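A.B. asks: Letter by letter, the chains look like this.
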Amino acid sequence: MIRNTRMKRISFVSTVVVAGAMLLSTVPANAADPGVTATEIKLGITSPKTGTVALSYGKLPGAMKAYFDYINANGGVNGRKITLVSRDDKYLPQQAATQTRNLVLSDKVFAIVGALGTATHTKAYVAAQLAKNNVPDLFVNTGFSGFDDKTKYPTTFLVLPSYAMEAKIIAKLIADTPTLKPMPSFLIAQDDEFGKDGVKGFALAGHKFSDTPILYPAGSLTAALAEGALAKINAAVPAAAKPVMVLMGTTDSTALILKAAEKLSLTSRFTWIAGSVGGDANTLLALGVKPATIDGAYAASFFPDAKDTTDEYVAQFMKINEKYNKGVTFDNVVLQAMNSAMLTVQALRAAGKNLTRAGLMKAIEDKGSTFASAGLAPLNYSATSRVGYNGYWFGQLNAKGELKPVGGKVTLYTTDSATATAPVLSTYTRKPLPKNGIPTN
Amino acid sequence: MKNTSVRKRGLIFIAIGWALLLIGDRVDELALSQGALVATYALAIASIILLTGYSGQLSLGHSALMAVGAYAAALSTNNLGLSPAIALVVAAFVAGLFGLILGFGVARLSGPYLAGTTLALAVSLPTIANQFAILGGEQGVAFDIGLPPARFGEEFSQYKWFFWICALAALLMIWLISNILASRYGRIFRALRDNPVAASLSGINVGRLKVVAFSLSAGVAGLAGGLLVMLISGVSPSAFPLSLSFSLLTGAVVTGVYNLKGVMLGGLILVAIPEIAESVVSRIGGSEGFTVALPGFLVSALLILAVVFTPNGPGHLLHKKKH
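Quick mapping for you: the protein sequence lines, in order, are chains A and H. Each residue of the first sequence is one higher than the last, beginning at 1 in the numbering used here. Each residue of the second sequence is one higher than the last, beginning at 1 in the numbering used here.
Since the hints were made in silico from the structure, they are not lab data. Certain hints may be false.
Pairs of lysine to any residue residues, derived as SDA-like cross-links and limited to a Cα-Cα distance of at most 20 Å, are as follows [what the hints assert, rightly or not]:
(1) Lys132/A / Ala150/H
(2) Lys160/H / Lys150/A
(3) Lys108/A / Ala150/H
(4) Lys132/A / Asn130/H
(5) Lys108/A / Ser157/H
(6) Lys108/A / Leu30/H
(7) Lys152/A / Ala142/H
(8) Lys108/A / Ala133/H
(9) Lys200/A / Ile134/H
(10) Lys152/A / Asn78/H
(11) Lys132/A / Gly146/H
(12) Lys42/A / Asp144/H
(13) Lys132/A / Lys160/H
(14) Lys108/A / Asn130/H
(15) Lys132/A / Ala133/H
(16) Lys132/A / Ala272/H
(17) Lys108/A / Ala272/H
(18) Lys108/A / Val27/H
(19) Lys42/A / Val281/H
(20) Lys150/A / Leu22/H
(21) Lys200/A / Val281/H
(22) Lys108/A / Glu278/H
(23) Lys132/A / Ser157/H
(24) Lys42/A / Ser279/H
(25) Lys200/A / Lys160/H
(26) Lys152/A / Leu30/H
(27) Lys108/A / Val281/H
(28) Lys160/H / Lys362/A
(29) Lys42/A / Tyr185/H
(30) Lys108/A / Lys160/H
(31) Lys108/A / Val280/H
(32) Lys132/A / Asp28/H
(33) Lys362/A / Pro154/A
(34) Lys132/A / Phe152/H
Values in this document were obtained by computation on a predicted structure and should not be read as measured data.
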């Protein structure tokens, strides 16, 4: 009798254990992924909030948070509110590594979004073991084409076109513009993957500069160094010529070079071509560059002009910025940040209610190329590609900081980072803005 | 008597190592990762204490010496195919050699002049690094030590592996330094610091011994640099900013620049301050400006308090109370 009762008990306990195990096995896999609850999705970003680079990019996390706050106020994503944890990396690799690790291990974020900087993020990615922990690394703010390497960075998705693409399209601009083509051309670039990617792009395009490109250490460019470089080029070129000066660097470095030209009274000596990063007119003006200096300078972009209030995306983001990011001037950085935040919301929606890290990355691979975005170039996400935008259009800045398309009409070229194939004229038409800027995909 | 104290010191270090091993098995990955950083900073602080606290030479550019070791470690792994363990030894050796050469150059300098020279070295590091293609420019060079050995099992994480390496390296080196400081050389270094003229009159070759101290300190800093870049899998000039030199010097002053016993506390403070600041801000709330300014404020406040109340470090204060 006793034995019988014991057997019954054992059978009952076994049944409960087996049933429990079966029940647990049917619980969605997201139970294992940190950063997601029934009411919240926790995302993280590392970017420079202090230090010199913060002058240019300090607005990034605040603008992303503003867009997420707007989405939260409108119901969130599948009933979940988005929380953005922002950590300051001071644009230093060690700090970026520590802060990214803190986001993953301490804040237990679901994904990293919009991390900024090549030298910083390449190290942070490895140190925080984003690949091993399968942490999605979305829409990184760098044009380093190496992040497209799925073997090395299996969880990373680029958003900016690469610097190599940019260089190829700049080379095309010079070749296609009769006033620029016959002139001697020079390149001053950051001595990191930014500049090196650029040099690679010019080589792929077959463009030969009149002298060896001048590469300066990122973050260490001084006024004396900039003045020395400009003075040397000025002395080497006949006075009758108006050399083309290509600048590929961060906005603060570009500002330093332009201010050096102002000091040496060389602003009108050159035709300036700034890349999309350095050519952010609003930031250049905020950093003290004179309006007359940027007037007429060429700059690349894959976005509409951040001052173009007739653009529906710009207008909507401006409204959000006014309400949720009070006191912050709307510029290219804010536009880029809000656009990445909107892409993130679409990715989270595309991954469905049963949100997992693997599901999120799969959703971007499958549907990312169809997301609505402010970009005028197409997005190129697929099962084999982590490339975001792949094209640029060129315009000329005016003294107000507005970027007006060359020839009066936006002409966008798309290309790749790895081949010598010439850029091609894009026929892409972007998707209209979702109603009130709230994705419904 | 001498052998007894060496043995006693050895046993203390073995006990600390054993305790760290046990702790390492009981804490999460975040704590392990922070522990690795604490050990690395502790080692770097030890190199400053050896130089400044014991031999009386002031360096404001120790981050540059760490960078020398870091590049040596990375290049010896990538270009010479050496194992990471050997690479870390190479880091210490090359930085020590660099310190020796630099030491000969600056042997006649002292006080603010030596500080200025080392400061100049740290400031010019990015430019120097960018002159040599082999150093990889701003992007730098990878230093990947790979996964932990398979025999430790699948559960043995990378963070634990880093913690083991850093803790072991720090313990070994600090044990070595403490033995050196307890030896005749330690007494000579102190004599150099307290009264170089008297030291010279007692037959000590002041210039040569200063170079030896500088070289030893550089070697320890080089090993710390190698460990630091191991944690971020790569070395670049921006991994060794000038602010790192100042932080380490702050850590040394706060924990007592004349006392090696507080180095772990120094490392702990450097790692913990940003965390404490963030936790304070999240509790009491505050603007973003407040969040970013608080760590610097806490470090400065701690430095002032340490200088005013415990100029020789908290360890020294406890020692005084005991006696």
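A.B. asks: Each hint: holds or not?
C.D. replies: Hints, verified against the model:
1. Lys132/A / Ala150/H: Holds, because 16 Å separates the two Cα atoms, which is no more than 20 Å.
2. Lys160/H / Lys150/A: With Cα atoms ~27 Å apart, Lys160/H and Lys150/A exceed 20 Å; violated.
3. Lys108/A / Ala150/H: Outside the cut-off at roughly 27 Å; violated.
4. Lys132/A / Asn130/H: violated (32 Å)
5. Lys108/A / Ser157/H: Holds: Lys108/A and Ser157/H sit about 17 Å apart, inside 20 Å.
6. Lys108/A / Leu30/H: holds (10 Å)
7. Lys152/A / Ala142/H: Holds, because 13 Å separates the two Cα atoms, which is no more than 20 Å.
8. Lys108/A / Ala133/H: Violated, at roughly 39 Å.
9. Lys200/A / Ile134/H: holds (18 Å)
10. Lys152/A / Asn78/H: holds (17 Å)
11. Lys132/A / Gly146/H: holds (13 Å)
12. Lys42/A / Asp144/H: Roughly 30 Å separates the two Cα atoms, so the pair is violated.
13. Lys132/A / Lys160/H: Judged against 20 Å, a Cα distance of about 15 Å means the pair holds.
14. Lys108/A / Asn130/H: Answer violated: Lys108/A to Asn130/H is near 37 Å, above 20 Å.
15. Lys132/A / Ala133/H: Since the Cα atoms of Lys132/A and Ala133/H sit roughly 31 Å apart, the hinted pair is violated (cutoff 20 Å).
16. Lys132/A / Ala272/H: violated (26 Å)
17. Lys108/A / Ala272/H: Roughly 18 Å between the alpha carbons, so the hint for Lys108/A and Ala272/H holds.
18. Lys108/A / Val27/H: holds (16 Å)
19. Lys42/A / Val281/H: holds (19 Å)
20. Lys150/A / Leu22/H: Answer violated: Lys150/A to Leu22/H is near 38 Å, above 20 Å.
21. Lys200/A / Val281/H: Roughly 45 Å separates the two Cα atoms, so the pair is violated.
22. Lys108/A / Glu278/H: holds (15 Å)
23. Lys132/A / Ser157/H: Holds, at roughly 10 Å.
24. Lys42/A / Ser279/H: Judged against 20 Å, a Cα distance of about 17 Å means the pair holds.
25. Lys200/A / Lys160/H: With a Cα-Cα distance of about 39 Å, the restraint between Lys200/A and Lys160/H is violated, given a limit of 20 Å.
26. Lys152/A / Leu30/H: violated (23 Å)
27. Lys108/A / Val281/H: Between Lys108/A and Val281/H the Cα gap is close to 18 Å, so the pair holds against 20 Å.
28. Lys160/H / Lys362/A: violated (31 Å)
29. Lys42/A / Tyr185/H: Since the Cα atoms of Lys42/A and Tyr185/H sit roughly 55 Å apart, the hinted pair is violated (cutoff 20 Å).
30. Lys108/A / Lys160/H: holds (19 Å)
31. Lys108/A / Val280/H: holds (19 Å)
32. Lys132/A / Asp28/H: Given pair Lys132/A, Asp28/H holds - Cα atoms ~16 Å apart, limit 20 Å.
33. Lys362/A / Pro154/A: holds (12 Å)
34. Lys132/A / Phe152/H: Holds, at roughly 18 Å.
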